[in-house]
Amino acid sequence: MVKNIIDVRNLSKSFDISSKKPGIKGTIKHFFKRQKQSLKVIKDISFEIKEGEIVGFLGANGAGKTTILKMLCGLIYPSEGSILVSGNLPYRRKENFLKNITLIMGQKQQLIWDLPPIESFYLNASIYDIDKFEAKKRIKKLSVMLEIDDELFIPVRKLSLGQRMKSELLAALIHEPNILFLDEPTLGLDINAQRNLRKFLQKYNVETNATICLTSHYMKDITSLCKRVICVHNGSISYDGELDLLLKKLSPVKEILIVCRSNQDAIKLEKLGFSVKDKTRNEITIKVENNYIISTLKTILNNFDIEDLYINEPPIDEIIGKILIKKDYDV
Amino acid sequence: MNIKKYLKVYKKFLHTSLASELEYKTNILIDLITAIFSLIGSIFLLSIFFQNNDSIGGWEFEQALIIQGIYTILNGITNTWFNPNLTEIVKHIREGTLDFVLLKPIDSQFFISFKKITPSGFLEIMLGFCLLLYCIRINQININLSFLTLSLITIICSICILYSLWFFISTTTIWFVKTWNATEVLRSFLYIGRFPLNSFSFSLRIFFSIFIPIAFITTIPSEVFLGISQLWKILLEVIVSTVFLFTSRKFWLYALKFYSSASS
Chain D
18 MVKNIIDVRN
28 LSKSFDISSK
38 KPGIKGTIKH
48 FFKRQKQSLK
58 VIKDISFEIK
68 EGEIVGFLGA
78 NGAGKTTILK
88 MLCGLIYPSE
98 GSILVSGNLP
108 YRRKENFLKN
118 ITLIMGQKQQ
128 LIWDLPPIES
138 FYLNASIYDI
148 DKFEAKKRIK
158 KLSVMLEIDD
168 ELFIPVRKLS
178 LGQRMKSELL
188 AALIHEPNIL
198 FLDEPTLGLD
208 INAQRNLRKF
218 LQKYNVETNA
228 TICLTSHYMK
238 DITSLCKRVI
248 CVHNGSISYD
258 GELDLLLKKL
268 SPVKEILIVC
278 RSNQDAIKLE
288 KLGFSVKDKT
298 RNEITIKVEN
308 NYIISTLKTI
318 LNNFDIEDLY
328 INEPPIDEII
338 GKILIKKDYD
348 V
Chain E
291 MNIKKYLKVY
301 KKFLHTSLAS
311 ELEYKTNILI
321 DLITAIFSLI
331 GSIFLLSIFF
341 QNNDSIGGWE
351 FEQALIIQGI
361 YTILNGITNT
371 WFNPNLTEIV
381 KHIREGTLDF
391 VLLKPIDSQF
401 FISFKKITPS
411 GFLEIMLGFC
421 LLLYCIRINQ
431 ININLSFLTL
441 SLITIICSIC
451 ILYSLWFFIS
461 TTTIWFVKTW
471 NATEVLRSFL
481 YIGRFPLNSF
491 SFSLRIFFSI
501 FIPIAFITTI
511 PSEVFLGISQ
521 LWKILLEVIV
531 STVFLFTSRK
541 FWLYALKFYS
551 SASS
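Sequences listed follow chains D and E, in order.
If you're matching positions, the first sequence starts at 18 in the working numbering and goes up one per residue.
If you're matching positions, the second sequence starts at 291 in the working numbering and goes up one per residue.
Next comes chain D alone, as it looks inside the complex (with noise of 0.2 angstroms):
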């Protein structure tokens, strides 16, 4: 049986904010008394983690992604609640958890903007006490995989951000962390840059069987990359299970478009009473239930004589999208 190495009880976490009316008024009374406030961005939430999963955290901007993730890797004490990673308390941030784990974030950078990547992928490896031998195979087995062999003695500034993305990755897994900590890794890059990320990842879980822990507003990462997403509305779980589960939940339906020979071929269709998304001339599109897909495709076929057809998935933004602003998921 594979064993937890993220278990969560009950956290929650508050933070004293200070709000400021508009204008000069709201600004000199800011200034000279705060008014402050406790906001409880995560309440009271509990999942736990099993060994090598990649699982996503979903939610709008603000949801609580990155204070759950910044909890999990000891960079912000818990309010209320415990966490377990990998057997420690994370915000002790003891020497052999740190040696354990990475945080990648996407917005921000460790490397040394004037000098090439290998002068920071070899004071990483001296400060996690890796010989300079063991830290030469690593970069050369990582730089590989990562296709940037080529790009490591160029300086950070003259690299392009999907280089320099590649490159942070690099260093932030040069001790071989069993634990990854990645917040929106992907922002930013281009789509191959994006695929060739996804694909990276995908064979270091595979290879070393590392559990992966991702927040990104890219849904492609989250659909290729997890088959567990939790999700995150207002600082409280609202799903928390597999990926595809949720999306036949959220999607009952599929689309098909079919392209009829004449266009009063479509008309007739349209008059077939099914529920009709949109029509051009001899091209229409038509919502199915899932379970109905077979006995229409059956009547269509029988009854008309047709030119092409193609059954679509709605676009997984869209589904997405309804996750962000609903607050509980019964699957």
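Treat the hints with care, since some could be wrong.
[Unchecked claim] The calculated DSS-like cross-link candidates involving lysine-lysine, where the alpha carbons are at most 30 angstroms apart (straight line), are:
{"no.": "1", "chain 1": "E", "residue 1": "Lys302", "chain 2": "D", "residue 2": "Lys154"}
{"no.": "2", "chain 1": "D", "residue 1": "Lys153", "chain 2": "E", "residue 2": "Lys540"}
{"no.": "3", "chain 1": "E", "residue 1": "Lys381", "chain 2": "D", "residue 2": "Lys111"}
{"no.": "4", "chain 1": "E", "residue 1": "Lys315", "chain 2": "D", "residue 2": "Lys125"}
{"no.": "5", "chain 1": "E", "residue 1": "Lys298", "chain 2": "D", "residue 2": "Lys149"}
{"no.": "6", "chain 1": "D", "residue 1": "Lys53", "chain 2": "E", "residue 2": "Lys302"}
{"no.": "7", "chain 1": "E", "residue 1": "Lys298", "chain 2": "D", "residue 2": "Lys158"}
{"no.": "8", "chain 1": "D", "residue 1": "Lys116", "chain 2": "E", "residue 2": "Lys315"}
Honestly, the hints are just simulated from the structure, not real lab data.
Dock chain E against chain D, hints included.
Chain E alone, transformed into the frame defined by chain D:
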């Protein structure tokens, strides 16, 4: 603490920060020229004060030059280590990059205090030493083992006090987020350290001994140089520097509990 590992990491810090600085040759040249002119300017200012007086607060010009020498060494150390690293703490906290430091298996205070180095400060340190050697000659100071030991101890204590004060102020950024001005005020007070403490009024002497311990930073090491310091003053400097170092360390560890990281 694994000393071997920390020495290895420090060697890497030296290498990477020197390599980063050497990327901008003109900047280094400007810094070097600034250091030389700054020392010339300071000595010129001191000579103006002594133009119509043989001594100020009991210190003659040749003796006051010792304080200038020690100040130049300390300013060099400030520019080499403290300025590039401790001013970065504010940036680390504001931008949330302290996250990367805290997640490394290394002491965070060591990391943020020693990661960078500005090589042009070395020139100031060397100029300070040259000035001190000149002062030893013109003041006919006898060099022996106890003189060297006591001088070294008091200068190290001065460095520790200066570092702790600066680090303490930078640490408050965790609560106040922006404290650039406070470190600038500290630097301005340090300029006062170029003059003998006795040249100030009684109330200012008390202020610069207790609240901002400038007296401990430059005057006591200078008195040791001239052989006029009392033992209790040296002992007091050692105690003050130890208390400052210990307190700044504890304060940093306490402050980290309140670190909330920047939002993404």
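Next on the checklist: So if I understand the rule, the pair passes when the alpha-carbon distance is 30 angstroms or less; does Lys116 (chain D) with Lys315 (chain E) pass?
Outcome noted: Given that 30 angstroms is the threshold and the Cα spacing comes to 37 angstroms, the pair is violated.
Checklist entry - If you draw a straight line from the CA of Lys153 (chain D) to the CA of Lys540 (chain E), is it 30 angstroms or shorter? => result violated (38 angstroms)
Checklist entry - Taking 30 angstroms as the top limit, are the C-alpha atoms of Lys315 (chain E) and Lys125 (chain D) close enough? => result This hinted pair holds, its Cα atoms lying about 28 angstroms apart.
Item to check | Distance restraint between Lys302 (chain E) and Lys154 (chain D), which requires alpha-carbon spacing of 30 angstroms or less | outcome: Holds - the C-alpha atoms of Lys154 (chain D) and Lys302 (chain E) are around 19 angstroms apart, at most 30 angstroms.
Next on the checklist: Check the hint pairing Lys298 (chain E) with Lys149 (chain D) against an upper bound of 30 angstroms on the C-alpha distance.
Outcome noted: holds (11 angstroms)
Next on the checklist: For Lys381 (chain E) and Lys111 (chain D), compute the direct alpha-carbon distance and say whether it is at most 30 angstroms.
Outcome noted: Holds, at about 25 angstroms.
Next on the checklist: Checking one constraint from the list: CA of Lys53 (chain D) to CA of Lys302 (chain E), max 30 angstroms. Satisfied?
Outcome noted: violated (44 angstroms)
Checklist entry - Does Lys298 (chain E) pair with Lys158 (chain D) here, judged by a C-alpha cut-off of 30 angstroms? => result holds (24 angstroms)
Violated hints for the displayed structure, listed by number in ascending order: 2, 6, 8.
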